[in-house]
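Chains as they are written, first to last, in our numbering: chain A, 352 to 508; chain B, 3 to 219; chain C, 23 to 356.
Since the hints were derived computationally from the structure, they do not count as laboratory data.
Each residue gets a CB set at the ideal place from its N, CA and C atoms; glycine is no exception.
A hint or two may mislead.
[Unchecked claim] Stretch-level coverage of chain B by chain C, calculated; a stretch enters the list once three of its residues show a Cβ under 8 Å from a Cβ in chain C:
{"id": "1", "stretch": "71 to 81"}
{"id": "2", "stretch": "120 to 133"}
[Said to hold, decoys possible] 25 Å max Cα-Cα, derived DSS-like pairs, lysine-lysine:
{"id": "3", "chain 1": "C", "residue 1": "Lys-47", "chain 2": "A", "residue 2": "Lys-473"}
{"id": "4", "chain 1": "B", "residue 1": "Lys-59", "chain 2": "C", "residue 2": "Lys-229"}
{"id": "5", "chain 1": "C", "residue 1": "Lys-183", "chain 2": "B", "residue 2": "Lys-113"}
{"id": "6", "chain 1": "A", "residue 1": "Lys-473", "chain 2": "C", "residue 2": "Lys-41"}
{"id": "7", "chain 1": "C", "residue 1": "Lys-41", "chain 2": "A", "residue 2": "Lys-480"}
{"id": "8", "chain 1": "B", "residue 1": "Lys-113", "chain 2": "C", "residue 2": "Lys-229"}
{"id": "9", "chain 1": "C", "residue 1": "Lys-41", "chain 2": "A", "residue 2": "Lys-395"}
{"id": "10", "chain 1": "C", "residue 1": "Lys-305", "chain 2": "A", "residue 2": "Lys-480"}
{"id": "11", "chain 1": "C", "residue 1": "Lys-305", "chain 2": "A", "residue 2": "Lys-473"}
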Amino acid sequence: MELGNVLAIAGGALAVILGGIGSVLGVATAGRSAAGVVAEDPDKFGSVLLLQALPGTQGIYGMLIAFILMGKIGLLGGAPVELTTAQGWQLFAACMPIAILGLLSAIWQGKTASAAIAMVAKRGDTAGKGLTMTVMVETYAVLALLASILMINGIQL
Amino acid sequence: MAVMRVNPTRMELTRLKKRLAIAVRGHKLLKDKRDEMIRRFIELVRKNKELREQVEKELTQALGDFLMARAVMSTEVLEEAVMYPTRQVELKVSKQNVMSVDVPKIDYEEKSQEGLSPYPYGFASTSGELDGAIATLSDILPRMLELAEIEKTCQMLADEIEKTRRRVNALEHIMIPQMEETIKYITMKMDENERASRTRLMKVKDMIEERNIESSG
Amino acid sequence: MPRPSTAYAAAHIFALENKLLSRDKVERMVEAGSASEVLKVLSETEYATGVSELDGPHDYEKMLSGEIQRLYEFFQTISPDPEITDLFFIKYDFHNLKVLLKARYLGRDEDDILIESGGTLPLDLLKEAIKEEDYSQLPDYIRQALKKIDEAMNHRVDPLKIAAILDKAMYKHIFDVCGKKKNGFVLEYFTMQADLINIRTFLRVRKIDESFEFLKELLLPGSELDEDFFFEIMKEPVEHIVDRLVNKKYGKVVKQGVEAFLDTGSLSTYERLMDDFLLSFVKASRWNPLGIEPIIGYLLAKENEIRIIRIIMVGKVNNLPSQIIRERLRDVYV
Numbered sequence: 352m353e354l355g356n357v358l359a360i361a362g363g364a365l366a367v368i369l370g371g372i373g374s375v376l377g378v379a380t381a382g383r384s385a386a387g388v389v390a391e392d393p394d395k396f397g398s399v400l401l402l403q404a405l406p407g408t409q410g411i412y413g414m415l416i417a418f419i420l421m422g423k424i425g426l427l428g429g430a431p432v433e434l435t436t437a438q439g440w441q442l443f444a445a446c447m448p449i450a451i452l453g454l455l456s457a458i459w460q461g462k463t464a465s466a467a468i469a470m471v472a473k474r475g476d477t478a479g480k481g482l483t484m485t486v487m488v489e490t491y492a493v494l495a496l497l498a499s500i501l502m503i504n505g506i507q508l
Numbered sequence: 003m004a005v006m007r008v009n010p011t012r013m014e015l016t017r018l019k020k021r022l023a024i025a026v027r028g029h030k031l032l033k034d035k036r037d038e039m040i041r042r043f044i045e046l047v048r049k050n051k052e053l054r055e056q057v058e059k060e061l062t063q064a065l066g067d068f069l070m071a072r073a074v075m076s077t078e079v080l081e082e083a084v085m086y087p088t089r090q091v092e093l094k095v096s097k098q099n100v101m102s103v104d105v106p107k108i109d110y111e112e113k114s115q116e117g118l119s120p121y122p123y124g125f126a127s128t129s130g131e132l133d134g135a136i137a138t139l140s141d142i143l144p145r146m147l148e149l150a151e152i153e154k155t156c157q158m159l160a161d162e163i164e165k166t167r168r169r170v171n172a173l174e175h176i177m178i179p180q181m182e183e184t185i186k187y188i189t190m191k192m193d194e195n196e197r198a199s200r201t202r203l204m205k206v207k208d209m210i211e212e213r214n215i216e217s218s219g
Numbered sequence: 023m024p025r026p027s028t029a030y031a032a033a034h035i036f037a038l039e040n041k042l043l044s045r046d047k048v049e050r051m052v053e054a055g056s057a058s059e060v061l062k063v064l065s066e067t068e069y070a071t072g073v074s075e076l077d078g079p080h081d082y083e084k085m086l087s088g089e090i091q092r093l094y095e096f097f098q099t100i101s102p103d104p105e106i107t108d109l110f111f112i113k114y115d116f117h118n119l120k121v122l123l124k125a126r127y128l129g130r131d132e133d134d135i136l137i138e139s140g141g142t143l144p145l146d147l148l149k150e151a152i153k154e155e156d157y158s159q160l161p162d163y164i165r166q167a168l169k170k171i172d173e174a175m176n177h178r179v180d181p182l183k184i185a186a187i188l189d190k191a192m193y194k195h196i197f198d199v200c201g202k203k204k205n206g207f208v209l210e211y212f213t214m215q216a217d218l219i220n221i222r223t224f225l226r227v228r229k230i231d232e233s234f235e236f237l238k239e240l241l242l243p244g245s246e247l248d249e250d251f252f253f254e255i256m257k258e259p260v261e262h263i264v265d266r267l268v269n270k271k272y273g274k275v276v277k278q279g280v281e282a283f284l285d286t287g288s289l290s291t292y293e294r295l296m297d298d299f300l301l302s303f304v305k306a307s308r309w310n311p312l313g314i315e316p317i318i319g320y321l322l323a324k325e326n327e328i329r330i331i332r333i334i335m336v337g338k339v340n341n342l343p344s345q346i347i348r349e350r351l352r353d354v355y356v
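Isolated chain A, as found in the complex (with noise of 0.2 Å):
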């Protein structure tokens, strides 16, 4: 297998992981907060659940990410395409934006997510204004995301 190849499927593995430790750091912050909201008002689980999501989502962009990738080379039908290594670094670059901005704003979407819940904890019909909030740090996760698939669809094989 050539260079390319490698590269381009290190670029596809470093967005599912670096997306998934974003969400999970983020869903396990956010986690902790809602647990300490429930001990107290079991009643409001519904609402922190929702936001405790929220960080979950990156770790599935970065999938996405891997899928597209996957499908552009060829891996998903058995007939991996040869990839020159300059091929292969452009895909690895694609993949960058999901893989970096996935991590980090899952980190502190679970951080916004815990002060959200917070929030929820004092004032319980606050939930949609919390999760409005939480969802803004989303949008450039979901800008990255778009920029990658983009330059993945872009690429010239």
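Once you have looked at the hints, place chains B and C on chain A.
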């Protein structure tokens, strides 16, 4: 006025007269004593009132301070703050004679150890309102003792004045008039006896003279 | 036992904040006609169990100490970092030490003014150590202080000195732990507290006309205002302290507090402002759902609440007008 049941004799009369003289003299003395006691009493009562108002005012303030200190500190902390006093007061109660009344006299001696602050607590954990209360209370102590002394004296004097007044009244309205009446009665009775015996003598003399004329005639 | 994470504790505490007394409950309590009416308002709150166990309104102190005990037990289980939260409870240990030491020097028992629970060390341990004069079981910071006291009391017993040495030891320990933990928030809190207490001590010492030597014994360590500062200011009129501290965060507290003190000779305003300031400092930094701030905030809010209830109850039991109660009332946290 009732007359005493006495024998209307000359001896009794002399005795009564002596008693009357003593009673009148006693009455005058007691009256003087009463007047003097009332004068002193009024003086003391005035001083008492003044002192009492003063002490009460300061005490109210000190207790108010204390109350507020108590409000911002927990009971335990407050009690810990004051549990080890640095000042001790020794009281000596003796007697003093005012107009033959034994009134108490309170002397006190403060035994504060040299160099020890009168505030026996740390300043970090206690409220500042406690200082004020402690200072006022320790200021007020001598005056409270004085007040106690004066107030007790007033009470005892009042008792004594009441007793003396009753004695003066008894002498003035009962004993003296009674004795005067009795003396009058005895004198009258004795005058009466005198007149009776004189009449009797004159009658006897008349009878003797009649008998003499008859025998000579 | 694994400690709960800070995020968990903070969120749990955010949920609990709803149960703190609100401004409007406090207002209703101040306006209540009698002590039992205050209890009625309290029985609508978290204090309901405490209230129901009372024999009468005069018993409220029992309810409050029960609350402190509950608070300590709760923090034992929830605190992500007991070493830091314990700093807010060691004052009860030091209170007990003062009582036990004074009782030993007086040669009598004063067990009824010990604070049974709330301290970080078992009371029996303290009792035993003081009675036997064997301090080997005690933590270092207490042992050193006790040794110092024993030495100082050899010559003559001075209750002020006992308290002063213990207060100093307590703050020294607090700052040692803060330094070790490198927690800027707690360090700043205690530094400002020590500053404000030292200023109060200065004002009190001025009021009773004592010397700098006397003040020096009472100053707490760890304060940004050192002995030299107070040495200088002791020679100047009291109001100069306001200008010196105008740039501090608590400059306003000192200004208003000192003005009220010079006006009325009473420190009640200063003390209220001081408590309010420290609480608002914590209040301002409590919106960190992943930090220790909300946890400390809740602890202080709870202590503040107990203080508020005590002020109101003392006022109501003694039939003080609402005005006097309100003057001393602290702000609420929520």
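Pairwise hint evaluation, Lys-473(A) against Lys-305(C), where the allowed Cα distance is 25 Å at most:
Holds, at about 15 Å.
Mind checking the alpha carbons of Lys-41(C) and Lys-480(A) for me, to see if they're no more than 25 Å apart?
Judged against 25 Å, a Cα distance of about 22 Å means the pair holds.
For a C-alpha distance cap of 25 Å, please report whether Lys-59(B) and Lys-229(C) respect it.
Within the cut-off at roughly 21 Å; holds.
Check the hint pairing Lys-305(C) with Lys-480(A) against an upper bound of 25 Å on the C-alpha distance.
The hint holds at about 22 Å.
Under the criterion that the straight-line Cα-Cα distance not exceed 25 Å, is the pair Lys-47(C), Lys-473(A) satisfied?
Answer holds: Lys-47(C) to Lys-473(A) is near 17 Å, not above 25 Å.
Quickly compare the C-alpha distance for Lys-41(C) and Lys-395(A) to 25 Å and report which way the hint goes.
holds (16 Å)
Whether chain C covers the stretch 120 to 133 of chain B (at least 3 residues having a Cβ closer than 8 Å to its Cβ atoms):
holds (count 11)
Is the straight-line distance between the alpha-carbon of Lys-183(C) and that of Lys-113(B) 25 Å or less?
Distance of about 19 Å is within 25 Å: holds.
Do three or more residues from the stretch 71 to 81 of chain B put their C-beta atoms closer than 8 Å to C-beta atoms of chain C?
holds (count 8)
Would the hint linking Lys-113(B) and Lys-229(C) be met if the CA-CA limit is 25 Å?
holds (24 Å)
Is Lys-473(A) within 25 Å of Lys-41(C), Cα to Cα?
This hinted pair holds, its Cα atoms lying about 10 Å apart.
In summary, this structure violates none of the numbered hints.
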